[in-house]
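Peer 1: We have chain Z; now place chain S onto it with these hints.
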Amino acid sequence: MKVLVPVKRVVDYNVKVRVKADGSGVETANVKMSMNPFDEIAVEEAVRLKEKGVATEIIAVSAGPSAAQEQIRTALAMGADRGILVEHDGVLEPLAVAKILKAIVAKEGPALVILGKQAIDDDMSATGQMLAALLGWGQGTFASKIEKDGETLKVTREVDGGLETVSLKLPAIVTTDLRLNEPRYASLPNIMKARKKPIETVKPADLGVDVTPRLSVLKVEEPAKRQAGKKVGSVQELVEKLRNEAKVI
Amino acid sequence: MDFALTPQHEALQEAIGRICADLGDDYWLMRDRQGGFPTELHQALAKGGWLGVCMPEDVGGAGLGITEAALMMQTIAQSGAGMSGASAIHMNIFGLQPVVVFGTEEQKQRMLPPLIEGRERACFAVTEPNTGLDTTQLKTRAERRGDRYVVHGQKVWISTAQVAEKMLLLARTTPAEQARKRTEGLSLFYTDFDRSRIEVREIEKMGRKAVDSNQVFIDGLEIPVEDRIGEEGQGFRYILHGMNPERILIAAEAAGLGHLAVSRAAAYAKDRVVFGRPIGQNQAIQHPLAECWMELEAARLMTMNAAWRYDSGLECGAQANAAKYLAAEAGFKACQQAVMTHGGFGYAKEYHVERYLRESMIPRIAPVSPQLILSFVAERVLGLPKSY
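Protein chains in written order, with full-length UniProt numbering: chain Z, 1 to 249; chain S, 1 to 388.
None of these hints come from the bench; they were simulated from the model.
Just so it is clear, CB atoms sit at the ideal spot from N, CA and C, and this is done for glycine as well.
Incorrect hints may have been included.
Simulated restraints on C-beta separations [unchecked claim]: (1) S/Pro56 <-> Z/Thr212: 28 to 34 Å; (2) S/Asp58 <-> Z/Thr201: 31 to 37 Å; (3) S/Asp26 <-> Z/Asp122: 32 to 38 Å.
Cross-link-like lysine-lysine pairs, in silico, BS3-like; alpha carbons within 27 Å at most [stated by the list, open to error]: (4) Z/Lys197 <-> S/Lys47; (5) S/Lys47 <-> S/Lys108; (6) S/Lys47 <-> Z/Lys193; (7) S/Lys270 <-> Z/Lys225; (8) Z/Lys102 <-> Z/Lys148; (9) Z/Lys231 <-> S/Lys270; (10) S/Lys270 <-> Z/Lys32; (11) S/Lys47 <-> Z/Lys52.
So here's chain Z without its partners, still in its complex pose:
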């Protein structure tokens, strides 16, 4: 079966994010960008499925600026077979991305789409679910284990009470949680091979998708600075401060 793995270009998790001076968003110029870590887990899972002989072809797709090719190359170096870049320079909201992916699914016919459960930049955690709804497919979100069993997929999910296992009829959508796997490091021979793998570039309009934003960002600001702690001299002082300053008792 074909597996589609969407990957997103985000600010690297090691970067200390700074808000733009005009409060319209976060600074991304001259900032290190990487593949969303949850998407890396998705790529790894797809590659493992291919190694087990379950998946036959892995297609990495990214929607974003032309530089998002780098993230597709990373996926190719990890073991994806080919890439598709849906090139768009402006804001892409989860619904727009879900519509783009729906169009790609229609074109490519994958039996499985594996995505990160959320992107670490906007933490929307919406694209996978929206795509499942648009396609009318089953979804196994926040997966910590995936097993193929005939024509169904068993997905273990980490929920508050413990582990929940759902059975999905293929084709299906899976979103990955942190503990699904530990992504491999790209090896040098695979980085070299990735250069030769094809990446196809299309525009949202070519897919018939309108990506005009439907949300407007009012303001982005840094979290309030944490205040330094205070040392108290006695229990009485502590109780007094909890009652009158913190007003929690």
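Peer 2: Chain S in isolation, oriented as in the chain Z frame:
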């Protein structure tokens, strides 16, 4: 002229950085205390195919250049591994260039894949106690007896000889007085490190305890003729082939170590509060670190220039030597400044910078002294008379 790294270079740095991040500062601190070859790093790099970075593709390498190898070595040193990490694989990266260039097809297929796959490690047996950098005057003898050579002699400063399975050996096959030229009469071999005929004594040294350096005594080692690289008597010429790449790589390692020291010092200076402000707010702390950064970057650019010239097939002796000189001195100064920035804590092992300072002496001394580089540049670039 383009100074930007390509996306492939960035992918390379990223991948190497990740492998190195798995080991971390405590690992290298422990290795520096206890010694012991950093097998974890060597095996992780071998598994990822990195040891073959500049080996030909038909023997399992990546077919990249010294530019990529230099980026890789800088990244390893800069990750916190310093020279302990870099030296563990340094020789394996460039040392077999004479086999790549002058070996037969059979030799390449036999010798290179085990090295790239990390199944064998090689040491580089050239330097001798009584000849130093006067390499053409080597005394170790290899006498031809039928289809074998029998070797007697001693070598010194042979890194990784405690763990190596193979050795690249330069030995005399024609007595110096019978050789037609000063540079002839030496032959190059790549052969098994037969411990029944070789005694290895480790040299206790100032730093880089993890990667052993040794005295090597060879007594009756037998080498089959098929382990000789190229023609008999031409070994010196072959070995010269690896010298510029070696200078370039060691320059990259020194620059990486220096950058590591500067970033650690800057992080400390930002955090350490004395007299109610971070010490890094004082120009007496800031300026020397800024100076170190500039010198390291200048040295790094010279290194990349030399690497680019080598990969483009241009003459690069002056640039490779200059890069090694500049990077070694800048790296040493940066490590020294990092210790001073830390004050008393800089002297404590757990702050790591004292280890870097001890390691930063290596690229200054090896593989060639700074004085000999100055003489080389004076003679070959400036056209001044030979002084020694």
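Peer 1: Hints first: check each against the structure and report whether it holds.
Peer 2: Structure-based check of each hint:
{"no.": "1", "hint": "S/Pro56 <-> Z/Thr212: 28 to 34 Å", "verdict": "52 Å, violated"}
{"no.": "2", "hint": "S/Asp58 <-> Z/Thr201: 31 to 37 Å", "verdict": "33 Å, holds"}
{"no.": "3", "hint": "S/Asp26 <-> Z/Asp122: 32 to 38 Å", "verdict": "35 Å, holds"}
{"no.": "4", "hint": "Z/Lys197 <-> S/Lys47", "verdict": "22 Å, holds"}
{"no.": "5", "hint": "S/Lys47 <-> S/Lys108", "verdict": "20 Å, holds"}
{"no.": "6", "hint": "S/Lys47 <-> Z/Lys193", "verdict": "16 Å, holds"}
{"no.": "7", "hint": "S/Lys270 <-> Z/Lys225", "verdict": "18 Å, holds"}
{"no.": "8", "hint": "Z/Lys102 <-> Z/Lys148", "verdict": "23 Å, holds"}
{"no.": "9", "hint": "Z/Lys231 <-> S/Lys270", "verdict": "25 Å, holds"}
{"no.": "10", "hint": "S/Lys270 <-> Z/Lys32", "verdict": "22 Å, holds"}
{"no.": "11", "hint": "S/Lys47 <-> Z/Lys52", "verdict": "20 Å, holds"}
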